[in-house]
Amino acid sequence: MATEAVVEQGERETYLNAVYGLKSWLLTTDHKRIALLYLISITFFFFIGGFFALLIRLELLTPGGDLVTADTYNKLFTMHGQIMVFFFLIPSIPAVLGNFLIPMMIGAKDLAFPRINLLSWYLYVAAGLLMMYTILAGGVDTGWTFYTPLSTEFLTTNVATSAISIFIAGFSSIFTGLNFIVTIHRMRAPGMTWNRLPLFVWAHYATSLIQILGTPVLAISLTLVALERLLHLGIFNPALGGDPLLFQHLFWFYSHPAVYIMILPGMGVVSEVVCCFSRKRIFGYKAMALALLGIAVVGFLVWAHHMFVAGISLYAALIFSLLSYFVAVPSAIKVFNWTATMYKGSIRYDTPMLYAFGFIGLFTIGGLTGLFLASLGIDVHVTDTYFVVAHFHYIMVGGMVMAYLGGMHFYWPKISGRMYPEAWGKLAALLVFVGFNLTFFPQFILGYMGMPRRYHAYPPEFQILNVLSTAGASILAIGYLLPMVYFLWSMRYGKPAPANPWGAAGLEWQTPSPPPTFNFDEQPVVTWDAYNYDEIPEPEEVPVAH
Amino acid sequence: MHTSPAVVVDEHAHDNPALLHHFSDERQQKNAASLGMWIFLATEVMFFGGMFCAYLVYRHWYFGDFSAASQTIAILPGAINTAILICSSLTVVLAVRAAQLNRRSQLVFWLLSTIVLGLVFLGIKGYEYHDKFVEHHVPGLNFSFVEALPGHVGAMANPHHAEIFFSLYFALTGMHALHMIIGVGLFSFLAFEAWRGRYTSNYYTPVENSGLYWHFVDIIWIYLFPLIYLIDRHK
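The listed protein sequences correspond, in order, to chains A and B. Numbered per the working numbering, the first sequence spans residues 1 to 546. Numbered per the working numbering, the second sequence spans residues 1 to 235.
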């Protein structure tokens, strides 16, 4: 594997070749190795979740329900949602890139609690195994939202095991967030003040706040659902006078902020990439950091916009609608400031930057359509249609997955010590962008025309747009497979990466690629602000081995 | 010992086997552990918060039925348990103090006392659960509830709403008891380690942080006791 890279490079000891053997990986407490363990596991679940998505798109190729039955279809979109949300998106950037980079960015040797970090990966694996069991035992068809009393009273599928699985995955996420917060508070290098932190670190701080304050509420909600099923408690049971809306409130109290777990880390990556490939300081550093925290805080106050048609009072709906608009303010600050950062910058169009461009555009579309949905009149019209599906995929896939791939390309030289093939990288970025838009833009139109989500059949007049969407999904699938292939290829055949191939600012680029086990050979001392690109020379064109 | 202060700190750091490699000194390590524990307790507050929220909603809707259901729960065992938990918080504090003063046998003694108090609490809780079982007040298990509605002559409490009360009762006290069991396990481990001389005035972070956890579990009970046992005025 990557160890060969080092042998060719010479004798230098790195985190990859310091110790060998399966045990040295499974019992490691090195945050960089744990990040790689996460990388492998979330990639596995990404392809499982993607496989379900593929079946969904194949079924929707024709108006009739010909490929799978309605019941199977319910299971497909449920498991697609649960796996993609809880086993891919939520851990994606934090557990892989955050884990790898946060200690290096702040000049620390490791996270504050390395063993808890390993524990959180094992919890993830345990949750993943239980989810795999759920799938093999016949799946679950509650929708990813577990709405009661459907989930507690009426379904005979594996609701309890999938709820427990997500409960465990939640604790994995809580421990990651806890570790990050303590690390950012207590482990910063001398001189690394709060105002010098890279925005990537701020983004993970905001994300971690949501993880530690939101996830426990999901945990208790799912526990109560599991207890209703297993021990016949009756907390949400309408037959006893229990309130299904209460479950929705508790569920969305977590799951709306969780949407920001699935976008804030992406914003962190984009800030790093945009500054580096524009050779400029970030425009409005403090506003950018506060906007991240602002999204996290306001995000806790908007959950009931998922319930506008569920029977909450009109006054509550009005207030939640207004509060939901407020999220637009910090989000707009981010988009405007990235744009202002690029203004008059010397922009380079390397692969990570292509993904950053894609992120900014697609996040803007996803965010603005979110405002459509926050307004009561339009929301009533398009609730539970493909408009909603398109909206959140623009944020989660167009935003987060783009940022994740951009970040993976940007940091791959640091992680693996090898360069990926740039031309293939650009091609894949292009395929992802085109494939994504072709998949999801037609769904806005479908939703606006009234096609409901979560049905396996539809009227024939919707077919053209659905065919376009399925065609786009096929392109998207190739776009996702390509990076996996050439990343693996590059571990053996890629050019060895220098310490700082992009001429990027930040402590993580001042240590060799791949880094030594304790990240830095000596304790770094910080005397500069983040993104001091006016003080860093631009790198030679196309990085090569030195 | 009369070298320059910086050197003393360095040697000290080197000597302490409890100092992990990625921290620069003990203070940083202790501060990190302590902050981590407080954040964990914040997640616990949110965890129980979900159930407290459900409780408040239903108590507001079905106050009379909740009151009737509450009055079938004997106050005495709950009150004794409250006293036991408060005492156990004291024994935990005394354990931390003993660690700070390097008094190993005292530390072991107070940790064992905490374990005993915790087990007594769980025993009494089990006895109470047994009562509920005998009275058919366990939801989903042959549940029946025939009680008058307090304050309404001749009216009966709604058994469905009472079942919600008992669902919350078992969810809340059950989750609390689970935390107690984890705490007892934690203190058993600490007592063993303390007996082996693991904790000194230089390093007693696990004792202190487990103590924080135990106090948190106590505080949950301090809220549960009035919310479950003392609704309205009892007979």
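Certain hints may be false.
What the hints assert, rightly or not - One side of the interface only, derived from the structure: several residues of chain A facing chain B at Cβ under 8 angstroms: (1) Ala112; (2) Leu118; (3) Ile212; (4) Leu213; (5) Pro244; (6) Leu371; (7) Val526.
As the list claims (entries may be wrong) - Covered stretches of chain A, as calculated for chain B (at least 3 residues, CB under 8 angstroms): (8) 218–225; (9) 336–342.
Simulated from the structure, these hints should not be mistaken for lab results. Beta carbons: idealized from backbone N, C-alpha and C, even for Gly.
To see whether the hints hold, each was checked on the structure:
no.: 1; hint: Ala112; in the structure: holds (4 angstroms)
no.: 2; hint: Leu118; in the structure: violated (14 angstroms)
no.: 3; hint: Ile212; in the structure: holds (5 angstroms)
no.: 4; hint: Leu213; in the structure: holds (6 angstroms)
no.: 5; hint: Pro244; in the structure: violated (12 angstroms)
no.: 6; hint: Leu371; in the structure: violated (29 angstroms)
no.: 7; hint: Val526; in the structure: violated (15 angstroms)
no.: 8; hint: 218–225; in the structure: holds (count 5)
no.: 9; hint: 336–342; in the structure: violated (count 0)
The structure shown violates the earlier hints numbered 2, 5, 6, 7 and 9.
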